[in-house]
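Enquirer: Sequence:
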Amino acid sequence: MSPDRSVNRRAAAGPRRWLALAAACAALAVPTVAATRPAPARAASRTLTIATNGSVDSLSPFLAQRALPTYIHRLVYDFLTNYDAHDFHPVPAMATAWSTSADKLVWTFTIRDGMTWSDGQPVTADDVAWTYRLMMTNRDAATANGNFVANFRSVTAPDPRTVVVTLNQPQATMLALDVPVVPRHVWESHVADIGTFNNDTRFPVVGDGPFILSGYAKNQYIELTANPTYWRGRPAFDRLVFKYYKDSDAAVEALRKGEVDFVDHLTPAQYDALRTARHTTLNRSPGKSFYALAVNPGATTTSGQAFGDGNPALHDQRVRQAIMHAIDTGALVRRTLGGYGEAGGGYLPPIFTANHWRPDASAAYAYDPDRANRLLDAAGYHRGADGRRTTPDGRPLTLRLLGQTQRPADAQNATYVAEWLKAVGIEVTTRIVDQGMLGDIETAGNYDLAFDSWITNPDPDYVLSIQTCGARPATAGATFPGDDFICDPDYDALYARQIAEYDPAARAAIVRQMQQRLYADAYIDVLYYPDILEAYRSDRIAGMDRQPQPRGMYSGQDGYWSWWSAKPGKRSASPTGPAVLAGGVAALVILGVGGGLVVARRRRAAADDRE
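Just so we're aligned: the sequence shown equals residues -34 to -1, 1 to 577 in mature numbering (1 follows the signal peptide of the UniProt record, and there is no 0).
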């Protein structure tokens, strides 16, 4: 439940660790730069500055789960494959070709020749195999993306250009392994402290993506510089600067003043207000995220140990269904989104047409307060003369609702949800906290309801995996990749079937069954699918690619195609290093993708901050 989490991940059975597009930061070489010191001034360069309110849980590709660092990792490291900008199908990246054995258990990848790390060392198949094997054998190294390799039996590099992966069972995500591959010669020295090393003490960080991570100051900025040896071609902008703003209003004002060049996740009011702004281009696109109300079913560990203080009333499916019938999702689309979105239904957004599921009208949780009242009556929560319901033992039925400050919609939606639930006799206390505190509360299991948002990826495996029994924490209060402590063996059985199904149509049918089951259980109420509302300075950016095309988003898929393809406008040159704020401290950080998802959380990635 934290800000938008991304979900480009996970394959395989076994405990799934969090998502976010998994990207990685490697250690470095060269001079040390104090994490709190702005980068030095330099000759005029073409700089693209992006506003964000996202936070960084770690700059280690093995630990990072929030949307911001996973966004960064996508730009700093290449994965085996990428998603096509037009329609999301897998395309070559580090791997130029691949083949499978007849039983689909052995995958052979041909690694691109001529790639180099930013320190000049060659990129080889051994880097890929070492990264995967480390995640297979080291629990800490598997924190962010372990789900992708949980089904791997072995990974070898028989020569510098070949990687061979042997599976325990078929795995449909083999062309969607969103695992940042790191340089072995840099990371071998950090195996002993892989669970605590955050890769934020020396810059530049060694990578092989279109940009090099060259500077960072917590809650201030992240700086990337163009990689001149990137195999796809050097980006046209010399630098990307992700600049941090506490709220979106400040970011929009900075766009107007020309202090930043790109802002996403605009509110409807901000988007409409920018229609008349000079040098401003707007973009509206169907989004890859869902916004939901998550129910705490009772926090438990993977061994079944209960913890936390979730309200036991929510163990009753009738109560959960009543809550869903009490909420007017259409009104939320009109009021909160200003019409820029679609009312919720299935777990996966409509942009992914093959996998999206929508309930039949007869089975949908339509806004129906009368039905909500009947369900609560049947569950034994009777209403008194004052209109308030009580539990069977006579206590008031009161639920705690969590939201986060980095996601502006939470405070507004909390007011509406509290009013609607009060109308059916349920009192609601609301608490809107920052992303870090929200993650701590969720990890402890000390909540009843929480707003949740995930950025999903073309392959749905990871976002599906976070609802499995194995996604719960191993010990009480530990960080975990899951979402709401859900454990449904029938859902898990469907999950195992879809990951082993190579036929796209057959797999999509199973995925839709999984969404139907989640919907019926009523632990996750997808309230709506928000459109992506973005704006950029047309005097600074002459153009860039959307994903998918032609009506997609710029910040989608972590902005990989957009920032790599972006062309400087007439006023893109900057004579200095990262923008210096009052007080002389550079203040840059990456785009608030998803509000902070994940999707995120405790490394429980961020929901909204999650991917």
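Derived by calculation from the structure, the hints in this document are not laboratory data. The beta-carbon is built from N, C-alpha and C at its ideal position, and this holds for glycine as well. Watch out, some of these pointers could steer you wrong.
The list that follows gives simulated cross-link-like pairs (lysine-lysine, DSSO-like), each with its CA atoms no further than 27 Å apart [claimed, not checked]:
hint : residue 1 : residue 2
1    : K223      : K212
2    : K184      : K212
3    : K223      : K536
Ranges between beta-carbon positions, derived for each pair [unchecked claim]:
hint : residue 1 : residue 2 : range
4    : T122      : A330      : 44 to 52 Å
5    : D79       : G161      : 31 to 39 Å
6    : A332      : P124      : 52 to 60 Å
7    : A243      : Q283      : 43 to 51 Å
8    : R244      : N134      : 57 to 65 Å
9    : A440      : L248      : 41 to 49 Å
10   : A459      : R244      : 50 to 58 Å
11   : A297      : T128      : 40 to 48 Å
12   : T357      : N134      : 40 to 48 Å
13   : A332      : T122      : 50 to 58 Å
14   : G199      : T395      : 51 to 59 Å
Enquirer: So, against the hints stated earlier in the document, which numbers end up violated here?
Expert: 11
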